[in-house]
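Asker: As you go down the protein sequences, you meet chains A and B in turn.
First residue of the first sequence? That's 1 in my numbering, and the numbers climb one at a time after it.
First residue of the second sequence? That's 1001 in my numbering, and the numbers climb one at a time after it.
None of these hints come from the bench; they were simulated from the model.
As the structure is a prediction and not an experimental result, all values here were calculated from the model.
Please note: incorrect hints may appear among the correct ones.
Stated by the list, open to error - Ranges between beta-carbon positions, derived for each pair:
#1 A:G186 with B:S1076: 26 to 36 Å
#2 A:I130 with B:A1149: 36 to 46 Å
#3 B:G1128 with A:L226: 33 to 43 Å
#4 B:H1074 with A:H51: 46 to 56 Å
Unchecked claim - Here are the simulated lysine to aspartate or glutamate pairs, DMTMM-like style, with alpha carbons at most 25 Å apart:
#5 B:K1045 with A:E163
#6 A:K175 with B:D1028
#7 B:K1078 with B:E1058
#8 B:K1026 with A:E109
#9 B:K1045 with B:D1028
Every residue, glycine too, gets a C-beta built ideally from N, C-alpha and C.
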Amino acid sequence: MNRGCLAAATARLFLFQGSMNPERLQGLGMAVAIEPLLRDLEGGPAGKAYHEAIGRAAGFFNTHPYMAGLAVGAVAKAEHAGVPSQQVDRLRMALKGPLGSLGDRMIWEGVLPAAAAIGLSLSTMTNPFIAVGAFLLLFNAPHVLLRWWGLRAGWRLGIDVAEALSHPVLQAGLKISGPMAALAIGFAIPVVAEWLTTGLDAAARWGTAAVGLSTAIVTRWLVPTLGAARLGILALAATLVLGWLS
Amino acid sequence: MSLDLVRVDDRLIHGQVVVGWGRELKPDLVVLADDEVAANEWEQKLYALGVPCSMRVEFATVAEAARSVDAWAHDSCKTIIILSDIDSLQRLCNDAPIIRKVNLGGVHNDGDRQQHLPYLFLSEAEVGQLRLLATRGIEITAQDLPNSAPVTLEDLL
Chain A
1 MNRGCLAAAT ARLFLFQGSM NPERLQGLGM AVAIEPLLRD LEGGPAGKAY
51 HEAIGRAAGF FNTHPYMAGL AVGAVAKAEH AGVPSQQVDR LRMALKGPLG
101 SLGDRMIWEG VLPAAAAIGL SLSTMTNPFI AVGAFLLLFN APHVLLRWWG
151 LRAGWRLGID VAEALSHPVL QAGLKISGPM AALAIGFAIP VVAEWLTTGL
201 DAAARWGTAA VGLSTAIVTR WLVPTLGAAR LGILALAATL VLGWLS
Chain B
1001 MSLDLVRVDD RLIHGQVVVG WGRELKPDLV VLADDEVAAN EWEQKLYALG
1051 VPCSMRVEFA TVAEAARSVD AWAHDSCKTI IILSDIDSLQ RLCNDAPIIR
1101 KVNLGGVHND GDRQQHLPYL FLSEAEVGQL RLLATRGIEI TAQDLPNSAP
1151 VTLEDLL
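Okay, chain B solo, but in the shape it has when bound (with noise of 0.2 Å):
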């Protein structure tokens, strides 16, 4: 299996994942699963300008990387995926059951969240989409980097 990270982070491509996660786990794929940067094309060129060239990037809807997924998940090259929200991680993971291991790596206040972590916002509806996933075996920690300690979720809520 070489789906290494499904990680759910509002900065989506940044320092944390390229150099962070990036030096760890040394991908050679990294997919943009966001139906919002799916549809715009000056956004998918200034996130790709992120990216070293020691790794592609990809860009997806949510659902078209749930139809992606088993592939990358058997396929030889190493990929982490990104998405920006809670509600994606929850409809990649009812799409693609073969995830069973999720990081939330960075969602922030909008107002009506409550924070968990330094860098971990959840409003009372998030809390319940990833108690449900967790009913489901889905294993969730949140993990800003891969230096620090990961935090389970049963630690978080």
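So that you can see chain A by itself, here it is in the shape it has in the complex (with noise of 0.2 Å):
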């Protein structure tokens, strides 16, 4: 495989749920982003492999984006192996979920809300410029390195692909990420609580806590499916109409 077609797979895995739909969610988004490794099957892009495994491709998948590069990656190798087209399916069937899994439990439980505490802290300690730079940085360096480590890794072991899920590496950042998460949360709360209160009178305080546990309250127990962001719209408007009326 030329580097020029890992290349060009690897920056379309950015584009991976450009095409979300109900019926097929990433399908059509994992059929663009294998497309430039399978060019090279037998009779080119004109070929009857080509056209079938792109077909096949662009079935119905469901995974998380961060985490695709190794499904592109493994089904890629084995349309070139000639694995048969009813256990590429079934590859492709068997990776989406436990790479969902994975990638929700260390991103979105893990990478994501720890980069996320850590720039709200550092906000409040420097220039804000550089705690916007921070939290980018933290975030969007590990999933560009999982989407280039994950395409590699994938098209090296083909259908033995779960070999890299059991990467060493990729085990420990799954153990650290929640725990990590959890820690930079915990430190970022009183920082950021004490940061937003400052200059606010006692009352103002107790108002701003009262607003801070009710919300957890309302979203945790009393109405889970209204949701924070809903919560978070409601009060705003709410406040904007208070506001108006006074």
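Using the hints, put the two standalone chains together into the complex.
Answerer: Have a look at this one:
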């Protein structure tokens, strides 16, 4: 496989969710990302093998977008190795769930909240642009590396891609990302709360604490379907209406 | 009773199950009841890697799962069962009448299905199977995540 095709597939991984839709979810994204890796199948882009492989790749697929490189690389390698089409389909289907689970645990429950908490904490202590830069670096570096490594590991291992999921660095990332996020958030909450309430009188501080506590109670126990974002928008709208009335 | 969730989801073990429902229900055991996965060791290895070490995972055919449902329901550990399609659900419910409540979490289009929710496509045959289960008193709701609103079968169809 020439490096240009691998580089093109890596770049296309950033468009993985570009055509997300309820019917096939990320199927088209999978087909777009894998296409450069299938060009040198027997017969080239005009050949039957290429067209059939693209068609298979465009079927229903759903995984964590940052882990998708492993699936793209492994499926492409299986196509090149002449693995029967039914087994290629099973490989694609079997990868989507576990990669989704690993990505959700590591990124949405670990890297993203940890990066956000560190960025927020830094914003109270230093130049806000440094805090924003730190957040962007801490959040983006892991997923760019994951996409780059995942595609190459998948391409190297093909149908044995489970070996890559047992990689010690990935397993260590899974183990530490959640506790890291908890530690960073635990540090950030009092630091940011202190920063937010500096200069407020006691009544306003108690009011801020009450809003935070009631938000947690409503979104966690009373109306979990509401979600923190919707509640935040409602609270903002209520504030604006009250401000306008007064 | 510690059979906390019987879920139909064609993605099987994935983020919504492990992170979404896993955090909410804190299951000790995840049972993947699927005939094809039960016959395929390398697929089992992949699915097992998607489950955190705080949960055990078992693989079973639908028939094997049906034989064990009673034991799981009366065991002290919390169990969730994942099935890949409506046909498997019907077979499981036929053989394990103790199941009174099921969750539709993700059935996607394979060509001849109609969309009912963003994550739920059903063929006419599958709608018939679900109606039949409902007439036997099984509570069927569609809900992808614990914090999304459940949709009853009546509202769905």
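Asker: Each hint should be assessed against the structure and marked as holding or not.
Answerer: Cross-check of the supplied hints:
no.: 1; hint: A:G186 with B:S1076: 26 to 36 Å; in the structure: holds (32 Å)
no.: 2; hint: A:I130 with B:A1149: 36 to 46 Å; in the structure: holds (42 Å)
no.: 3; hint: B:G1128 with A:L226: 33 to 43 Å; in the structure: holds (35 Å)
no.: 4; hint: B:H1074 with A:H51: 46 to 56 Å; in the structure: holds (53 Å)
no.: 5; hint: B:K1045 with A:E163; in the structure: holds (10 Å)
no.: 6; hint: A:K175 with B:D1028; in the structure: holds (18 Å)
no.: 7; hint: B:K1078 with B:E1058; in the structure: holds (13 Å)
no.: 8; hint: B:K1026 with A:E109; in the structure: holds (16 Å)
no.: 9; hint: B:K1045 with B:D1028; in the structure: holds (19 Å)
Of the numbered hints given earlier, the model fails none.
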